[in-house]
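S.K.: In case you want the letters, here they are:
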Amino acid sequence: MGLSLLFRMRWRIFVNAVRSLRGQSSLKVVVILFSTAALWGGLFMLFLDGFHFLSSDALMDFRALVIGVMFAVFFLSLFVMLVFSNGIIAYGSLFRSEETAFLLARPFKPAHIFVFKLSDALLFSSWAFIFLALPIIVALGVAEHSPWYYYPMAGLFFAVFALLPAAVGGLMTLLVARFLAHSPRRVLLLLAVAAAIPAAAWGLGLARELHVGMRMGEAWMQNVLGRLQASESPLLPSFWVSDGIRSLSQGRLSDALYRFGLLLSSALFVGMLAVQGARRWYVAAYHRNQALPRKRKGRVSRELYRLLESCLPGIRRETRILIIKDVKNFLRDPVQWSQVLIFFGLLGVYFINIRKLRYDLGAAFWQNLISLLNLVATSLTLSTFTSRFIFPQLSLEGRKFWILGLLPIKRRDILFSKFWFAFAGSFVLSESLMLLSDSMIGVARPVRVLHAVTVLLISGGLSALAVGVGALYPNLREENPSKIVSGFGGTLNLVLSILLVALMVGLLAAPYHLLQMLPGQNLELLEKLFEPARWLALVIAGLAIALPLILGLRAFERMET
Amino acid sequence: MIEFLGVTKRFGPKVAVDRLDLTVPRGEFFAFLGPNGAGKTTSIKVLVGLLHPDEGRARICGYDVATQPVEAKARVSYVPDQPYLYDKLSGREFLEFVARLYRQEQRQAERRIAELAEQLDFGDFMDELTEGYSHGMKQRVVIAAALLHEPEVMVVDEPMVGLDPRSMRVVKDILRARSRAGATIFMSTHTLAVAEELADRIGIINHGRLIALGSQADLHRAAGKEEGLEDLFLRLTAEEGEA
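Chains as they are written, first to last, in our numbering: chain G, 1 to 561; chain S, 1 to 243.
Hints in this document: simulated from the structure, not taken from any laboratory. One or more of the hints may lead you astray.
Looking from chain G toward chain S, a few residues come up when the C-beta cut is under 7 angstroms (computed) [to be verified]:
| no. | residue |
| --- | --- |
| 1 | Leu5 |
| 2 | Asn16 |
| 3 | Val18 |
| 4 | Arg19 |
| 5 | Gly92 |
| 6 | Arg96 |
| 7 | Glu98 |
| 8 | Thr100 |
| 9 | Ala101 |
| 10 | Ala105 |
| 11 | Pro107 |
| 12 | Ala111 |
| 13 | Val340 |
Beta carbons: idealized from backbone N, C-alpha and C, even for Gly.
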């Protein structure tokens, strides 16, 4: 009865939330629906095109192998990511939320609370995966002319597949919280890093293989696929789902049902282990986590913050004080800095190792292509950083907003402090990475300057977007940054950020690289377009910085709590 | 009734509650006083099962909170210092959820919710989502939720914070009536006048240890002079701090 009551209550909350959408502007709802449909449709077309490409005569011999390996790698990566994201979200949900304290003080069975809160983590971790994976599945079905039952059954495969990493992540969190160290969240993050390092090493090995394969022989193709075939071990749950969906798409129902049975029984088995574990250890783990020693301030001394403050010349004193407050918050929250460290750290490791791939000695074509791709990777990683950590900053002031509201300073100083904090952090991180990448690849000085300018403009634009849209669409009631980011404002900011990266790279850096990559071709038109494209990029960057800040400032000055 | 039997709770090296022995009999209105950080909320969290004692046991109506949590929790209600409500539920939906949790029949629950809405004066906004409530409005709904199943033991942490004078009067009357009807009330508060007005017995905790226990008359006798509760409290906690 306890569990069904909890889920009925959650359903009622969902219904009320949908009803409250009626009170919101219809423009907002239309923009959400349109952006969703555009993103979904774009992904569908992209994957459909990809599957049709694989059906071309030149690749016919490899088709089955390539699709098989591609699916296996995709689902294996997803599985690992979902285990850790479920685990980390479940930790906050099971041991730190106010709702859990409320429920534990009522006569619910602890295992029911565990299942209920784990289902929250499952939804938060997996909705994006389901949303993004659906176009792939539909595209494969269309490309393969699959039977009608392929579509509903593929959906079932997905649902059951999402359960398994949630159960593994939940069990892992429970064990870590009950038995390990004084900082379970840190242990979970360390485990995530430990899993990312071999993955990065494997990726580098593969990249080396791809580089050697510039000659594109059949033996090379076999070699690359052979490396990737490790993901096709029949013992891996990710393989059961990838092979099951492919079998379904080709109408091999009994093979698909066999894989589905393996997946379902494993999900149920691990789920049962997790529930049994919760019966035995959840309350003890909860108590242990409530009794962790209170945190003292970090070892970074007051002098170091003073030094940092003095390194911000030309910025008003009040703004500098607010920047230092945000820096302290960032450095004292392992969830924030560890994620930045993981993403930018992995890029850094890849850039440091880039010489082993011999691009620095290679043809101009490869130097240009790889350095351009590195610029794109760095900019996109930066856009996830600003969307995830900068966008929710104003919202997170929430209940503390009165402190900012009562400060004897102008609100524009508060907003600009957020902007400068974001811009300084973004620029230092991304510029360091680009300098590293360019020097490892050995690109010419003009390219380095071009990349530096591009990164400078992108950092400024992304920071202004995150701060401005954050001020336009604040959520002052929510304290969970993941929930703030997944709202309308967060989604809009992410879409605009990706668009900005595409425009800046496309207008500023890509034309130059294309000219360098394809010498001797008739590129007169491109050369003619290059100059205006640069000016257009500068105008767009100026607008991307000024507009969000102006609109955000207006909204922020009118903001009431 | 409530029993703390040698309860000790540590947070790392800090001892938040130190060998607390305390029994609150059935029907007693007990006020638990102490300065900030003295161990009041920690003791309450141990009592309602949100913290596990490092040593000793806490019992409610004879049920050990750690080993028989469902039985103990079915007999207690808890009003935390920070009221928790689901933002996207209305006050009425929240109360219905709590009523179902304590297995109340629908009609009985509806009648009780209507009674409490009238008593605590939240009928006007009961059908609005709680995300728009002020602190005082939330507090009234949370107190109503705690009273719904007419518990044998009520544990209330700072119940008057955020309430207007009329609501404070109503809450005091309700708590007093529950106590007279045989329920045990365990109230933590900084509002000494409320403790003076309502409590049968008072306990003062400081640095995790119970430093005074008894009726107001007992405390005055032990102190050796007639003085107000405020002076007594300040003197005892200051002496303890100096010692």
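S.K.: Give a verdict on every hint.
M.R.: Hint check:
1. Leu5: Hint holds; Leu5 of chain G Cβ to chain S Cβ min 6 angstroms, cut 7 angstroms.
2. Asn16: holds, 5 angstroms
3. Val18: violated, 10 angstroms
4. Arg19: At 9 angstroms from the nearest chain S Cβ, Arg19 of chain G fails the 7 angstroms test, so the hint is violated.
5. Gly92: violated, 16 angstroms
6. Arg96: With Cβ-Cβ at 13 angstroms, over 7 angstroms, it is violated.
7. Glu98: Holds, because the Cβ-Cβ distance from Glu98 of chain G to chain S comes to roughly 5 angstroms (cut-off 7 angstroms).
8. Thr100: Hint on Thr100 of chain G: violated, closest Cβ of chain S at ~9 angstroms, above 7 angstroms.
9. Ala101: This hint holds: Ala101 of chain G lies near chain S, its Cβ roughly 6 angstroms from the closest one there, short of 7 angstroms.
10. Ala105: holds, 5 angstroms
11. Pro107: Given a least distance of 4 angstroms, the restraint on Pro107 of chain G holds.
12. Ala111: violated, 12 angstroms
13. Val340: Status violated, d = 28 angstroms.
In terms of the numbered hints stated before, the structure departs from hints 3, 4, 5, 6, 8, 12, 13, listed from lowest to highest.
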